[in-house]
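Q: So the protein sequences, as listed, match chains A and B. The number in the working numbering is simply the position in the first sequence, starting from 1, with 173 added. The number in the working numbering is simply the position in the second sequence, starting from 1, with 794 added.
This list has only true hints and no planted wrong ones.
With the Cβ distance kept under 8 angstroms, some of the chain B side facing chain A (calculated, not the full set):
| id | residue |
| --- | --- |
| 1 | Asn825 |
| 2 | Leu835 |
| 3 | Leu837 |
| 4 | Leu839 |
| 5 | Phe842 |
| 6 | Tyr844 |
| 7 | Ser888 |
| 8 | Asn893 |
| 9 | Glu894 |
| 10 | Gln895 |
| 11 | Phe897 |
| 12 | Gly898 |
| 13 | Gly900 |
Worth flagging that the hints you see were computed from the coordinates, not collected in a lab. Quick caveat: nothing in here was measured; it's all calculated off a predicted structure. For each residue, glycine too, the CB sits at the ideal point set by N, CA and C.
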Amino acid sequence: EDKVVQSPLSLVVHEGDTVTLNCSYEVTNFRSLLWYKQEKKAPTFLFMLTSSGIEKKSGRLSSILDKKELFSILNITATQTGDSAIYLCAVNRGTSYGKLTFGQGTILTVHP
Amino acid sequence: DVKVTQSSRYLVKRTGEKVFLECVQDMDHENMFWYRQDPGLGLRLIYFSYDVKMKEKGDIPEGYSVSREKKERFSLILESASTNQTSMYLCASSFLSGNEQYFGPGTRLTVT
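Just need the whole structure built from these sequences, with the hints factored in.
A: See below:
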């Protein structure tokens with residue numbers, strides 16, 4: 174059975190801290206791994222990773238994939254209150270229709 | 795910008811009622827998806843569609859049906875709502891061979 178597991182499930186930090194969110198997976202026919210950010214609205218796309226060891230970066234956020242050990246991390250440096258959200262990890266199972274398997278999500282709370 | 799809209803943000807229904815949730819996308823995407831999101835369980839796929847009048851069951855289709863009469867519109871139907879269907883429902887769309895899914899804002903359904 175395909176499985177995506179995120180850790181921690183929740184995290185509380187103060188502004189300026191650096192956080193690392195984890196996502197491990199066991200799926201057949203891996204095609205890509207995606208990270209989304211969800212505030213009180215639609216999840217918004219952050220990164221898509223397909224190759225091991227290549228870091229994707231956008232401002233204070235970065236992510237990397239390890240296809241040998243079957244995990245990805247999402248780093249956020251110098252956190253701000255606006256980073257408070259649910260962070261979702263999803264794996265594209267390589268089927269024809271782009272079906273995604275999601276992890277449970279990590280709830281990040283950043284206090285001033 | 796891709797836009798995915800859902801008919802209601804909040805909905806309260808009684809047990810046994812028939813419930814329709816509507817989703818519309820404006821990017822001419824072939825694929826459309828319905829998920830439910832519950833705390834600690836992440837997003838779970840209910841049904842998806844890869845073309846007009848074509849549909850396939852996702853991971854948790856029991857108690858739900860769908861309709862796709864036009865390419866831009868995908869409806870989720872709860873034939874006889876039950877309290878265990880109280881949840882956040884998210885619609886998404888993507889290109890046929892796409893990785894990234896674009897999400898609507900969600901409908902929070904409460905069944906009493």
